[in-house]
Amino acid sequence: MSGRHEPTPDDPVVAIYRRALPQVYGYLLPRCGSAAVAEDLSAETFMAAVAANSREDPPELSVAWLIGVARHKLVDHWRRVGREARGFAVSGAGDDGVDDPWADHLDAEAAYAALARLSPYQRAALTLRYLDGLPVGEVASFLGRSVHATETLLVRAKAALRRVYQEGEGS
Amino acid sequence: MSDPLDHLRLPVIPIEPRPDFAAALLRRIQQLEDPAAGRGATVRYFVDDLDAAVDYYREVLGFEQELRPSPVFAMLYRGDLRLLLSVPGEPHAMPDGTLPEPGGWNRISLNVPDLDATVADLRGRGARFRNEITVGVGVRQVLVLDPAGNLVELFEPLAAYHERQRPTGP
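For the record, the sequence lines run as chains A and B.
Each residue of the first sequence is one higher than the one before, counting from 67 in my numbering.
Each residue of the second sequence is one higher than the one before, counting from 7 in my numbering.
Any given hint might turn out to be false.
[What the hints assert, rightly or not] Short, incomplete list of chain A residues facing chain B, as computed with Cβ under 8 Å:
#1 Val-80
#2 Ile-82
#3 Gln-89
#4 Leu-95
#5 Ala-114
#6 Leu-172
#7 Ala-174
#8 Ala-176
#9 Ala-179
#10 Tyr-196
[Unchecked claim] Which stretches of chain A does chain B cover? Using the computed rule of at least three CB atoms under 8 Å from a CB of chain B, they are:
#11 107 to 113
#12 197 to 204
[Unchecked claim] Incomplete in silico selection of chain A near chain B, CB under 7 Å:
#13 Asp-77
#14 Ala-81
#15 Tyr-83
#16 Leu-87
#17 Pro-88
#18 Tyr-91
#19 Tyr-93
#20 Val-116
#21 Ala-177
Hints are computed from structural coordinates only; laboratory data are not their basis.
Everything numeric in this text was worked out from a predicted model, so none of it was measured.
Using N, Cα and C, we set each Cβ at its ideal position, and we do this for glycine too.
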């Protein structure tokens, strides 16, 4: 008797789901570092797709579009979570060019670990700019800030990353 | 001069999430996208032995199992009727600590094509009946008990039977 629900042209999110879920989850998991968070944000991403699909002028549903939504959900998540680094003061200028820890070799795994200890906006800016490879203008629009403010944020974020990364190297 | 942090570039590599999570999320999406969703009713029955109850509803009353995520909960379907079976426990406790129990006089009511044949068949399978077949409003009906003591009414429409007709077609 009919009970199983087969995807039809009326269910575009269902139709793309099997192919798209591992991509969305694969985007989120290494960036947020937690399976539970990656699951929650994946669910939010697909719920947003269903909502968008029910509107007057629905977007073209694609894996790329879903990753874009996932990216927004990730940034929103970091904003909600708040400051993660314990007692970590954001330093301004003064670190440029001195003792550059990645002049010789950048340990990516150590850098990802250091990223997790930065404040949410710094983590978001560096993730979008370097892990995702987005140009600064796009990073700015995801963060809802001006290009100038984003460039300043990136400078500070890189300095903070360098400091945490070096602390990690010492231990 | 290239930026050394470009080495952090992390392309999207597909990762399969937990199968349970993937299946549950798919069901949520299907329910939201299914225009027929929300037409059926949901009823919850409390049971003491979940395995016995699920076996009974599936094998004796023809329900389909939809979900069985834990030892204290199952979701079954019979057409548009969704039947939830729960073992009483802390999540169901009232503010004063009172727990629900199986049984009581309220019941779900199932339309069967031939009541006499159905009753004979169920008796043969060992089902317990609370009463004999009686005539109700527009129906002949009987009460059968599930293993936990919940009542299920089986009825067969008579000439005077009434049910609101659902609109059909596109």
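Here is what the structure says about each hint:
{"no.": "1", "hint": "Val-80", "result": "holds, 6 Å"}
{"no.": "2", "hint": "Ile-82", "result": "violated, 10 Å"}
{"no.": "3", "hint": "Gln-89", "result": "holds, 5 Å"}
{"no.": "4", "hint": "Leu-95", "result": "holds, 6 Å"}
{"no.": "5", "hint": "Ala-114", "result": "violated, 11 Å"}
{"no.": "6", "hint": "Leu-172", "result": "holds, 5 Å"}
{"no.": "7", "hint": "Ala-174", "result": "holds, 6 Å"}
{"no.": "8", "hint": "Ala-176", "result": "violated, 11 Å"}
{"no.": "9", "hint": "Ala-179", "result": "violated, 12 Å"}
{"no.": "10", "hint": "Tyr-196", "result": "holds, 4 Å"}
{"no.": "11", "hint": "107 to 113", "result": "holds (count 4)"}
{"no.": "12", "hint": "197 to 204", "result": "holds (count 3)"}
{"no.": "13", "hint": "Asp-77", "result": "holds, 5 Å"}
{"no.": "14", "hint": "Ala-81", "result": "violated, 10 Å"}
{"no.": "15", "hint": "Tyr-83", "result": "holds, 6 Å"}
{"no.": "16", "hint": "Leu-87", "result": "holds, 6 Å"}
{"no.": "17", "hint": "Pro-88", "result": "holds, 4 Å"}
{"no.": "18", "hint": "Tyr-91", "result": "holds, 5 Å"}
{"no.": "19", "hint": "Tyr-93", "result": "holds, 5 Å"}
{"no.": "20", "hint": "Val-116", "result": "holds, 5 Å"}
{"no.": "21", "hint": "Ala-177", "result": "holds, 6 Å"}
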